[in-house]
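Residue-level listing of the chains:
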Amino acid sequence: MLIFQTGRDSRRFGWVILFLTALVPVSLAISVSLGSIPIDWGAVVETIRTGKSSVDHTIVFELRLPRSASAFVVGASLALAGVLMQALLRNPLADPYVLGTSGGAAVFALIVMLSGLAYQFVSLAAALGAVVSLALVIFLSRDSGGWSSTRLLLTGIVMASGWGALISFFLSISQQNQIQGMLFWLMGDFRDRGPGLVHYLTLLVVLIASIFASRGLNLLVAGTLKAESLGVHTLRLRFAMLIGAGLLTAVAVTLAGAIGFVGLVVPHIMRLIVGPDHRRLIPAALMMGGSLLVITEMLARTVLAPRQLPVGVITAFVGVPLFLYLLRRGSRQEMP
Amino acid sequence: MRSNGAVVGTLTAMVVGLLLALRVSADVAVVDDSGTRISLKSSATRIISLAPNLTEILFFIGAGDQIVGAVEYSDFPAAARKLPMIGAHNRFDVERILSLKPDLIVGWLSGNPQDGLQVLKQLGFPVFISEPSTVNDIVSLMERLGTLTGHQSEAVQQASNFRASIDASRETYSKRRPVRVFYQVWEQPIYTLNGDHVISHLIDLCGGRNIFSDLEQLAPVVSLESVLARDPEVIVGGGIFGQKPPWAERWESWPTVRAVENKHIYAIESDHIARMGPRLSEGIEALCLVIDKARDNS
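Those protein sequence lines, which keep their order, are chains X and V.
For the first sequence, our numbering assigns the number 61 to the initial residue and increments by one for each residue that follows.
For the second sequence, our numbering assigns the number 5 to the initial residue and increments by one for each residue that follows.
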């Protein structure tokens, strides 16, 4: 499969990147400006100048900004993880959770909730669960030749089903008041804390690594054998992608529970717009995923205010019609 | 000698003065159900209620017009429906709460999200967390909220009336012939309650015996066969008191159950019996009444 880089293509890509680079701060600004309460910006500025506290300043800086930052990090992480998964498994239906990582995260999180430990441990448990699930899949799907896409996918799907069964079991044995908290987490939602340094760093590191590996990713999509013959260390690359995607998924579920559709749909949208070259696709998907989730998060807390909707529900409402539309339209450049 | 006396006298005066000052400055202080001490400079006048039962209690003790916002389903008394809504008890809108500038937030430990309560505390609001699980807990809650809202004497009086009404039911019914009761929380799957649940204690108060009191889980799912095997004399569930409940039809296929045979299937208002608030006394009256009806066929 050849990737054309005509002059027209490059110019178009330039515009797209410019648009996305502007979209990120714009979406953050919109998200911070809108909510269930209109903000008096004069009071916000006043507080910044004089230090006198105001409700408006608190809402903007202690509620909306951390949530928007989390939304961006989660959206970007999931979109990037989705790109990596789709390249790794050479399957357009792959998303960050296809290998069971969100299921593992959920099971560990539910165990902590059932055991009555402090809720701060839930996030930690979720991250651990994602990593453990990934490790299990890696271990179980290995054969003499490494990891074939098919084996990975099948192992992952079975793991995901297994975790799903455990989730149902935990829900069935838990008390009424515990179920509330569990469903809250399973539907995917943001807490009012912002992302920590570790979340930002993970995203940055995996992003940089992915861009460096872009050429390899492009060739990988054509087939492992072909890529090997063109000098790509496929085993190393695929292992690294698996780890990278797993870490990104862990970051996402730690911050926001299981939010679906972003990891599946955003890579496809951007592939339609900028093409399958990963050097373009990766930054484009990241920015689009982040901005999209920022806007979705804002909608979830504004649309029916004061009723607060879980973000995972809004992404489904947006993602399902969008994905169906994309499927019908067909992609201009097919995935092999 | 004289200088010692002067020193002691001054010290005493200082200590007394300090104690008086402390008493005046920490004017309104109680301990909530999570062990946290909540102290306000003066009675709360802008209260946010994070649970429907708490809204009911606040109105009951005379603090209804001091509430500035309440969660969804705060539907009793009628005046409560006019309160600004701030979201659901498990997913409330912090921005809206902030904009209402409360000086006290009353929450519910097992019903509100821990994160949400934490955020409110971090933003500097006094958050009184409640978790009543017995009649005594409700009485104590009423009295403590009375202290925080400046309605101490009214709250004590109302709480005392509440307790008296429940004691009256206990007096009347608890010594009567025990009746096997099946309390159905939900129809499909069949949810019931074990002996640790407050409603089970109320069944005891009415002279009934919860047929599933021995189970481990607080709100277990049970099989149809187990209900048939334990053969309750009366089946009670949620619905409109005095009317035949819609879920009764399903039980009518099982006439071997004594409750079905003698037509002792009753509904009581679930808001009365399930909300830990002032209407629990009405719920108990209704519960005892229907259990008593099953006593007629001995």
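A couple of the hints might just be wrong.
As the list claims (entries may be wrong) - Here are some chain V residues the structure puts well away from chain X; computed CB gaps all over 12 Å: (1) G91; (2) R95; (3) I101; (4) K105; (5) K267.
As the list claims (entries may be wrong) - Per the computed footprint, the stretches of chain X lying under chain V, defined by three or more beta-carbons under 8 Å from a beta-carbon of chain V, are: (6) 116-122; (7) 259-273.
As the list claims (entries may be wrong) - No more than 35 Å apart at the CA atoms, straight line, and that leaves these computed lysine-lysine pairs for DSBU-like: (8) K105/V with K125/V; (9) K105/V with K112/X; (10) K112/X with K297/V; (11) K112/X with K45/V; (12) K125/V with K112/X.
Just so you know, these hints were derived from the structure itself, not from any lab.
All of these numbers come straight from a predicted model, not from anything done at the bench.
From the three backbone atoms N, C-alpha and C, an ideal C-beta is built for every residue, glycine too.
Structure-based check of all given hints:
1. G91: violated, 5 Å
2. R95: violated, 5 Å
3. I101: violated, 9 Å
4. K105: violated, 7 Å
5. K267: For K267/V, whose nearest Cβ neighbour in chain X is about 30 Å away, the distance exceeds 12 Å, so it holds.
6. 116-122: Held - the segment 116-122 of chain X has 3 residues with a Cβ nearer than 8 Å to chain V, which meets the minimum of three.
7. 259-273: This one is violated; 0 residues, fewer than the three required, reach chain V with a Cβ under 8 Å.
8. K105/V with K125/V: holds, 14 Å
9. K105/V with K112/X: Judged against 35 Å, a Cα distance of about 16 Å means the pair holds.
10. K112/X with K297/V: Roughly 65 Å between the alpha carbons, so the hint for K112/X and K297/V is violated.
11. K112/X with K45/V: holds, 21 Å
12. K125/V with K112/X: It holds: about 20 Å lies between the C-alpha atoms, which stays within 35 Å.
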